[in-house]
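Colleague: Going down the list, the protein sequences come from chains D and Z. Quick note on this note's numbering: the first sequence kicks off at 1 and runs consecutively. Quick note on this note's numbering: the second sequence kicks off at 1001 and runs consecutively.
Do not rely on the hints blindly, as some may be mistaken.
[What the hints assert, rightly or not] The calculated SDA-like cross-link candidates involving lysine to any residue, where the alpha carbons are at most 20 Å apart (straight line), are:
| id | chain 1 | residue 1 | chain 2 | residue 2 |
| --- | --- | --- | --- | --- |
| 1 | Z | 1653 | Z | 1429 |
| 2 | D | 20 | Z | 1376 |
| 3 | Z | 1430 | D | 422 |
| 4 | D | 461 | D | 353 |
[To be verified] Okay, the calculated beta carbon distance ranges per label pair:
| id | chain 1 | residue 1 | chain 2 | residue 2 | range |
| --- | --- | --- | --- | --- | --- |
| 5 | Z | 1654 | D | 34 | 45 to 51 Å |
| 6 | Z | 1079 | D | 420 | 21 to 27 Å |
| 7 | D | 426 | Z | 1161 | 51 to 57 Å |
What the hints contain is simulated information worked out from the structure, not anything from laboratory work. For every residue, glycine included, the Cβ atom is placed at its ideal position computed from N, Cα and C.
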Amino acid sequence: MKKDEKKNNNNTTTKPHFWKWAIASVIFRLILIYFPKNLNLATRPEVSTPVTSLRRLAEGYWLTQSSMSPYAGSMYHGSPLLLSILGPLTMKKIEGQPYHLLCSLVSVIADFISAMLIRATGLNLRMAYCERLKLLGLGKLFEISEIVPSEDYAALVYLWNPFTIVTCVGFNTTPVENLFIILSLYGACIRVAPLAAFGWVVASHLSLYPTILIIPVILLLGNGPDAIPRKLFLMYKKDENGSSNKGRVEHNGLTEQKSFSWKPVGLFFVWVSIWTLYTLVLCGIFMSNYGGLSEMFSRTYGFILTVKDLSPNIGVLWYFFAEVFEFFRDFFLIVFHVNILFMILPLAIRLKHRPCFLAFVYMTICSMLKPYPSVGDSALYLALLALFFNELAEMQFSFFLFCGYVGVSLLSPVMHNLWIWRGTGNANFYFATGMAYACFQIVLVVESVSAMLNHDRKIRKLVAAT
Amino acid sequence: MAEGETAKPQPRPIIRLGLFLISHSLLVSVVCCAAGVFALLLLPVLAKNTYISENALMPGSASPMLSNDDVSRARAFVNKVISFDSKSDGSSIGIQELVAQHITDLGGEVNFHKFLPQVKKFNPLHFFSSPDQGIVQENYTCSSYGINTVGFIRASRGDGKESIILVTPYNSVKTSTGEAVSLGIAYSIFSLLTRVTWLAKDIIWLAADSQHGEYTAVAAWLREYHTPSFDGSGRSLFESNASPITGRKRDDDFLRAGTMAAALVIKVTDGSEKAERDVLNLYAEASNGQMPNLDLINVVNYLAVNGQRLRVKVEKLGSLLDSSWLRSLAELFHKLGTVARSLNLQWNFGISVAEYIEGTATLASSLYNQALGVPTGPHGVFRDYQVDAITMEISSKRLANYKNRPNELLLQGGRLVEGVIRSVNNLLEKFHQSFFLYLLTSPNKFVSVGVYMIPFALLVAPLPMVAASLFADSTRRNSGMENKVKSSPASSDIPAITFGSWRWLHAAKTVFIVHFWGAVVALLPHFLSLGGDSPPLTNLLIWIALSAFTLLILQVILGSSFSLPRMNQTRGMEWTLLKSVTIAAACTGLCIMSVINFATAVIGALMLVPMCLTAGPLWLDAKAKILKSFIRVACNVVLIFLVFPPVTYYLWKGALVGLDNARVGDFWNWVESLWTWNSATYIYMCMVHLPCWVLCVHTLIYPC
Chain D
1 MKKDEKKNNN NTTTKPHFWK WAIASVIFRL ILIYFPKNLN LATRPEVSTP VTSLRRLAEG
61 YWLTQSSMSP YAGSMYHGSP LLLSILGPLT MKKIEGQPYH LLCSLVSVIA DFISAMLIRA
121 TGLNLRMAYC ERLKLLGLGK LFEISEIVPS EDYAALVYLW NPFTIVTCVG FNTTPVENLF
181 IILSLYGACI RVAPLAAFGW VVASHLSLYP TILIIPVILL LGNGPDAIPR KLFLMYKKDE
241 NGSSNKGRVE HNGLTEQKSF SWKPVGLFFV WVSIWTLYTL VLCGIFMSNY GGLSEMFSRT
301 YGFILTVKDL SPNIGVLWYF FAEVFEFFRD FFLIVFHVNI LFMILPLAIR LKHRPCFLAF
361 VYMTICSMLK PYPSVGDSAL YLALLALFFN ELAEMQFSFF LFCGYVGVSL LSPVMHNLWI
421 WRGTGNANFY FATGMAYACF QIVLVVESVS AMLNHDRKIR KLVAAT
Chain Z
1001 MAEGETAKPQ PRPIIRLGLF LISHSLLVSV VCCAAGVFAL LLLPVLAKNT YISENALMPG
1061 SASPMLSNDD VSRARAFVNK VISFDSKSDG SSIGIQELVA QHITDLGGEV NFHKFLPQVK
1121 KFNPLHFFSS PDQGIVQENY TCSSYGINTV GFIRASRGDG KESIILVTPY NSVKTSTGEA
1181 VSLGIAYSIF SLLTRVTWLA KDIIWLAADS QHGEYTAVAA WLREYHTPSF DGSGRSLFES
1241 NASPITGRKR DDDFLRAGTM AAALVIKVTD GSEKAERDVL NLYAEASNGQ MPNLDLINVV
1301 NYLAVNGQRL RVKVEKLGSL LDSSWLRSLA ELFHKLGTVA RSLNLQWNFG ISVAEYIEGT
1361 ATLASSLYNQ ALGVPTGPHG VFRDYQVDAI TMEISSKRLA NYKNRPNELL LQGGRLVEGV
1421 IRSVNNLLEK FHQSFFLYLL TSPNKFVSVG VYMIPFALLV APLPMVAASL FADSTRRNSG
1481 MENKVKSSPA SSDIPAITFG SWRWLHAAKT VFIVHFWGAV VALLPHFLSL GGDSPPLTNL
1541 LIWIALSAFT LLILQVILGS SFSLPRMNQT RGMEWTLLKS VTIAAACTGL CIMSVINFAT
1601 AVIGALMLVP MCLTAGPLWL DAKAKILKSF IRVACNVVLI FLVFPPVTYY LWKGALVGLD
1661 NARVGDFWNW VESLWTWNSA TYIYMCMVHL PCWVLCVHTL IYPC
């Protein structure tokens, strides 16, 4: 959470602070991995979901070892590829060490790489931001207000966020899934289509919801990193009488279409089809004995989309679908999933000039509405949010949101305990915290989007004034 | 919360209401706090009569079947136990064997459970985890095993999946008459229940060997029952089936009888001469202020009062009974009640003076026991496994001349227990109808969660409001300052990026460091206890010294001044933000604690809320030199002094039992008892109360 941002305050002046804190976070994780028994995080519903739990993966791997379908018995619901990569690690045991050490190490490494990728993405974004500001003749803004190295902040927020740490130590696959999401954003940011395609395909394959990231990725590939709306350039150039433009900006409204470069996007689609084919073939080979690809789709994506597992989690769907009448179930399934899809297009139109921010908004909405959310999802979007620290400097309700996140994340285990272990509470107690969590996420999205739009307005005013 | 709504000329009504509340936060908080305290005192008046909400219980619907035959058999058993005790140690069989023999003779199954007293260990995360696996002790060559004797009756109409537990703790080394009689009561029930046809749940009689403490014995058996511990080869660690002395095998396994519906702990003690009737004391508080379902207490109370003509009592805080302020308050409420009644006959909330005083004393004791988080008897351990349990302590003066008239006591106790068992036997599901969260003001009056949350909510309500008001205040000041700064250069009209709304991060950092320190303080006694035995006073001093030292270190390591860019504050006004964040943290802490253990939270709120609200830099008040500021300084200093945990402890102790033989080291003993019982109150004290105190001190001495 943002609690950690205060720890990051130190790295404004010198870079070494960043590395100090980054390494400290890795060491902290390694220490925590050593005492997992006391924490027992792997069984927490906040941390591991039916889709991401590594304990289920171990079960699935064991089933394949005894020549059964990994999906038999409705234990495992992840990808077969993950099974063949992480599965052996769950069985391997180093003498005298905790048995899941290797898997946890994978999580630590994944977290670290994710943080580095976030940092690289952030650097890219900040450079683009500064460049655009200079192009608009707003260089003065740098003199009176410092642009903070938001990429370092974002990386440290990711590394020191209690949610990320808990997810990393909590023996599940979320760190790996997050890594691929970030990889695809990074690939799109530096405009390397194969990398972006690879990240996107694998991320979608692993957890389905990153599929909607295709819009930000395409926008990133076509338009380049987040920037001030293109209209402003037109405005600025018009005011300057358009004498010394850089050849890219023209004087008619068609500029946007022209400046959208289709080449990387086309390349992206080619690579997407290649990677998809590759993944499917691999999965097909794996699944050939166990019912083929259709079995895989129904047990992974089908499981996610039809909300089969109603065990409590921090989301809101389990409670709803536990209550709903059986014959309305399909209808409400459609309603809830279309909810996400409905929001995609308007947001894409409004935030098309800020694809990375758009990705943040999408990830937040998904984490709110997906059937099996975990705190690992918040870890991801909070880090993405920190990338825009400069733009969101005037964000409102930050303190309120912070208190809310802290409160909910402390209250949720207590309520769970009250319901499950003590038996003095009931499901409503726990669901209440889930609802509060969803509400705080909504407030976060609304406030951050409005802060971002306000920032754009402010820049526009400044441009108009000069 | 309310940052920058100033832009809009006419905000929405709800926001205007919020702004109104925030701008009058002083008045509102005083009113709320006063109302909270008043509502707390009003709780005995608001208490409702208990009622049995589970229909299936049907207490007293059947006439007791316990006959004189059973009782005389039990009497013979008691005599044997008593005389056994007086026999020399050289006897071939232990008292456990005697009990087991009698159970077998009645046709029940018998099981022995050998256990070792477990060293109490601090487990900070106990609250969040399930009852843990027994720690496998390697060196169980220790000489003094405790041996529980467990008897089973398999229900003729049941499926063996549910059971009712009877617990009779007794000291196997030296059994007192009271313990012998309690064994006798259980025996008489047992002998009856082996014959009855209506039994639908198995009966387990646990004769707990309390030579290492009652709680330990019951806890050890329950742990083995729920989470058996195995050694490397998969065998159960303790050969519970072998008879302790003769080594004769009884059964193959540790016997079980399904989930437990309810547990009754039976005790008999010597009553005072004064009481006319025999008294039944009920103890119900389990760890962390958990209570058994109210229905269980209701059933026991109903049967004891209506069936057996016992006087039922729950614990009272004796010192409150003859305090004059409480009496005058009671008279005030009484007068108010009569006035209200004269106005409208429907308003029937009058309460007699004696009733109010009794109610308050009981309520205070109930709050105190729940707040401590330490169970009041062996019933406490059952709650950790979600079993409703209660201790019934029959206190009778007839115990003294038991030898002359033995039957009465056995018959009375036996019929009471029989009635309760018969009621619980009727249950189809586990207790769930009635309340789990309540406070008792007398055995037949209770305050439910919906009512007792009101005073707490009123007490805590000012906290977010004041936090928001301080936050808005500092935001306004800062933006005012920025405007001033900006207008002075005058050259550029570009508004800078100021991170205005992230200014609280500095304060949050300080608060975080102090709370982190609180966690370290909470863990220190654990390491101190590893060091070995030293007198409490030394331990206490080391603890305080180490805590102070850690605070310094943390301040140096983490607190060195990092600054976010463009976050310069109005000079000397950082304390408003710091106070705001402190109050927000206190509010969060109190709210979470109210869910974990309400009693702790409400007592904590009584102390924390005034301190947090009044705290402000002393130099500001010192400069003002008016009466108001003088009063505030005095309030601050007094509150800060009173709320420091050791001082608070001695004050409470002085108020409750008197400071006659108090020693400085007592505080350490108290803290140690809290953490060995894994009380959440300990965590609360170290991670909410103490950090808030430190932060308030920090605010008080804030430099000019």
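Colleague: Would you mind marking each hint as holding or not holding in the structure?
Modeller: For each hint, the structure was consulted:
no. : hint                          : in the structure
1   : Z:1653 with Z:1429            : violated (43 Å)
2   : D:20 with Z:1376              : violated (50 Å)
3   : Z:1430 with D:422             : holds (13 Å)
4   : D:461 with D:353              : holds (17 Å)
5   : Z:1654 with D:34: 45 to 51 Å  : holds (46 Å)
6   : Z:1079 with D:420: 21 to 27 Å : violated (48 Å)
7   : D:426 with Z:1161: 51 to 57 Å : violated (23 Å)
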